[in-house]
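Using the hints, position chain B against chain A.
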Amino acid sequence: MTSLLKYMSVYLRESILAPSFKLLEACFDLLVPLIVASMIDSGVKLQDKTHVVLCGLSLVALAGLGLCAAFTAQYFAAKAAVGFGSQLRRRLFRRVNELSFSQLDAFGADSLAARMTNDANQVQSGVNLVLRLFMRSPIIVFGATIMALCVDFRSGLVFLVALPILSLVVFGIMCGAIPAYGKCQRQLDKLARATRENLYGARVIRAFNLEDAERRAFDETNRAYAALQRFAGGLSSLMNPSTYAIVNLAIVALLWTGAARVEVGDLSQGQTVALLNYMAQIIVELIKLANLIIQTTKAIACGNRIAEVLNTRPDMAEGDREARARESGVAVAFKNVTFRYAGASAPALENVSFEAKVGETIGIIGGSGSGKTTLVNLIARFYDASEGAVEVFGSDVREYSTRSLRELIALAPQKAELFKGTLGENLRWGDPQASDDALWRALEVAQASEFVAANAEGLDWSIEQNGRNLSGGQKQRLTIARALVRNAPILILDDSSSALDFATDARLRAELRQALPETTTTFIITQRASSILHADQIVALDDGKLVGLGVHEDLLASNKVYQEIFYSQFPSEDVEALRLTKGATL
Amino acid sequence: MTQSNLTRRAKYRTLARVWRYARRYRALLFGSFALAAATTLTTLYIPRLVGSAVDLLVGPGEVDFPGIGRLVVKILACACAVAVGQFVMAALNNRLAYNTSRDARYDAFSQLGSTPLKYIDERAHGEVVSRIVADAEQFADGLLLGVAQLFTGAVAIVGVLVFMLSVNFKIAIVVVALTPTSFLVAGFISRRSFKLFRRQSELRGAETGYITEATQGVRVIRAFNRSEAAEAQFGTLDAQLESASRQAIFISSLTNPATRFVNSLVYMSVGLVGAFAVMSGAMTVGGLVVFLSYAEQYTKPFNEISSVATEFQNALACAERLFELIDAPTEAQEATSSRERKRALGRVEFKDVCFSYRPDRTLIEDFNLAVPPGARVAIVGPTGCGKTTLVNLLMRFYEVDSGAILLDGVDERSVPRAELRSHYGMVLQETWLKQGTIRDNILMGAPNVSPEEFERIAVACRVEPFVRRLPQGYDTLVTENGSEFSQGQRQLICIARVMARKPEVLILDEATSSIDTRAEQKIQAAFNELMTGRTSFVVAHRLSTIRAADVILAMKDGKIVEQGSHDELMARRGFYYDLYTSQFRE
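The listed protein sequences derive, respectively, from chains A and B. First residue of the first sequence: 1, per my numbering; consecutive thereafter. First residue of the second sequence: 1, per my numbering; consecutive thereafter.
Next up, chain A with everything else stripped away, as it sits in the complex (with noise of 0.2 Å):
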């Protein structure tokens, strides 16, 4: 958490100034109990008209001046606490896109979106808190008591021996509340559980006729929450009357001692009635402090999360050189190639070698599991390889920056994102001063000119988050032809003709011959044997090991693992019933 005081600095001033008020506005509410004394005393006792005037016009005076004060802090808080929340999601933001993948992995991406949003916001609302009111809460509860000394030493000591005891009580009580309550969360969360599972298994329940049984379940964990609600909410329902008795108390001692005081003529009633202020003014303020620290303690945690990802260095060295791509030779090679993930006992990849010449087409197969999206992932060094190298034409991919490396690849990944904003917004990241023509034909290609075309709209379609308004073969689809837009010399489409049904898949590897220039080397990663009959290259996987190389009629003949994907689906009578109906070459 410290270390994110830094990002204070740019609002040093207004951190200095707000507090600096709200402390001017305490002292100015402690001093009115003492003009309510003299306005008794010296005023009412002995009908001092002027004086009660005056007394009266100060009171005034005071509320005004702590009027100002209380703005100018309120601004300068909100200023600086808003400013501060604001660096903190801007730097996250900043730093997730520079942490490698591993460390992106690590954090998990609901987990930085939850920092950046929730953790940020909290943060915020703590710092404002505290700017607001820790120079304002202490100060009246400890200054009230420094005044009732002050007023008289003797009667001051029953605030002395109140205070302790009202801090005691209150934190106490909401020590203990603040757990129970906590146990309330996890019971509900429960219940929410229960709910959820219980719509979506809605089918499975009643296919095993379990209705009567979930329902017993439910009111069990309902009792049980309502039980503890019960206890969580008689715990904090404590606090009200027992420090309404403690001040009650520390009343009715301040009236007996009083007495005695004013009896020999050491105490005014004016400052007897200052001191019963005092008193009030403590209980006051001493909750809203237990709830400011309780308010700190959750924010300095968050703190603590928001501190742990922008104290994240990212792992991934630079390279210098720009990459620039070859009209013939060597492409992409693997050279021995391991990869472990973070944490992971087995490596997602042993040992992998192979090269891919300019133009070629690479098909990578295997079951789930096997290493496909892995072995991609390393090309546009997404991760870099714990064994051995990848080269992309003719140089380790680690020499080069980043940047120019990932130029010369285009992605379609196996998971289809796209983002919020037009159709054509989108496509466009591939290439930022792509025509609408050349949009038009990757659609085409992609083979989603069709559903494009029938929408009004047209490319300034407007995708929604995460293009949720699509289904996921139009999206996938799309991913394609945002790959297209690219015109990269490297083409991956990782698994992305999963959601489309095999004669879609087939129109679109078709165009894709006719479409890509012959110097565009094409890996194409999946899990069907029929989308890669025609490759260059097949690079069989199985559990992450490298297990065939070769022409699909090679590996067809000769290779076991290959053997039994394809037969798995393509059984061999329909092969040669195929063979002979169609004549097809396969």
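For the record, the hints were derived by calculation from the structure and aren't laboratory data. Quantities reported herein were computed from a predicted structural model and do not represent experimental measurements. Beta carbons are placed, not taken as given, at the ideal position from N, Cα and C, and that holds for glycine. Keep in mind that a hint or two might mislead.
Interface residues of chain B toward chain A, partial, derived using beta-carbon atoms under 10 Å [stated by the list, open to error]:
| no. | residue |
| --- | --- |
| 1 | Gly69 |
| 2 | Gly85 |
| 3 | Arg219 |
| 4 | Gly235 |
Simulated DEER-style distance windows between Cβ atoms [said to hold, decoys possible]:
| no. | chain 1 | residue 1 | chain 2 | residue 2 | range |
| --- | --- | --- | --- | --- | --- |
| 5 | B | Gly436 | A | Val10 | 49 to 59 Å |
| 6 | A | Asp536 | B | Asn528 | 31 to 41 Å |
| 7 | B | Gln487 | A | Asp110 | 10 to 20 Å |
| 8 | B | Pro359 | A | Asp105 | 45 to 55 Å |
| 9 | A | Pro432 | B | Arg198 | 31 to 41 Å |
| 10 | A | Asp105 | B | Ala335 | 51 to 61 Å |
Cross-link-like lysine-lysine pairs, in silico, BS3-like; alpha carbons within 27 Å at most [what the hints assert, rightly or not]:
| no. | chain 1 | residue 1 | chain 2 | residue 2 |
| --- | --- | --- | --- | --- |
| 11 | B | Lys170 | A | Lys49 |
| 12 | B | Lys170 | B | Lys300 |
| 13 | A | Lys288 | B | Lys300 |
| 14 | A | Lys45 | B | Lys170 |
Below, chain B alone, put in the same frame as chain A:
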């Protein structure tokens, strides 16, 4: 006019229903009211006692010790009574609110198990969860505690007025006339800050959306070198939010100082008028002290009541939403079974079945099919053709519009749902695992399976290999939706769950869609064993799964367009042939 009458009547109806839930706890409610009146009035009485005590310590030699002693005892007694009263009242209120919401929540949940699936399918699940979890809580809190607070507030206002009038009429008028200013000021500020807060929450929503999108899509952003562009876009969004937040927070934070200022003006006026009253002999110093204390207390209940009023509206809306769920339709009355449950043979017939989800669009029309016991039926066709609907009808998740489905020659509607469903075993594409261990999940429909049989099933369904690697094996707890398992692994658990139950008729709706084809072949043996002698319906997208069926139904737009074995349909060169061969096409 009529409409406002209607909504008002609806509100009364809602309130009446809330009362029906609260009625069984009415003793608590009345007890709470009685205590509220007693404690509030006692609370107001204490300042008068303190004021009287102040009057008894006028100056040196003029202190009435016995009088003060009596008052001190009275104050102590009152304070203790108030403390105990407040605590008991809070306990009663808590019990009332928590128990009422517990009861209503259970009723809502319970209804979910009795309502037709159509009702669940048509609703956003997240919204239903929030009704059962949050609305159930809010309505009890808002309405019942609101009523209690309203009552306390009203007693306090009347009490303070009566007490003030009884002490000094003129000053009472000053207080009553001036306090509304404080509400005017607060209202003025809150109207302004409300707009600003709304703007802030709109901007915050937009920013949160962007953050979610950007953190989830960070890989795509990096792949397309869009980091700077994204950061710039975020900066623009955040700058807007920063300025809106600063204004909202600053303006709203003026409320407290401003009302405090108005209250101190009231305080000053009371002090001034009171001082003159004391000097003219119309009132004592103690009376002044009482007034100063009442002036501070008078505004509080007004603020509370206005906040309760807003809360009340919100709580009423929550109650309405919850009652709507409780009022969900209940499934048509069950037939009662006269006979013992027998093993079904598994002859399934569809006779002139018509069905549609929406009256304006018929989906299935005059559907006829007779499936002999033990036959294997595969259903294929493009998305939305009605494959899954057949499953819904077989299990009576939905009821046919006309015609009938017969199991062993008996109309399914003449058998109780629970008994009918016990003949079926179902594996769906959307895997659903319940809270509990893996073992609980597998034994969900058949708790009495022997350990040996359990082991055999787990091995056959290939659950054993991945469970073995878990430190707690079959006792591993499944977290929500089983997200720690891959989709394929979850499907395997679901398959084992049905295997353990040994149903007479099997329904597999895309049950193996996420298991890669090679792995699927390996559990095929288990499937074959499972299906031997059992009637089975298999819905599949992957054509390799379908070939082995006795009858293939090729569906299109809710109708069966072709029917026959794989060889027959291939020979026919029609719809099925096209569907099947498209996977080989280049």
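| Hint by hint, which ones does this structure get wrong, listed from lowest number up? | none
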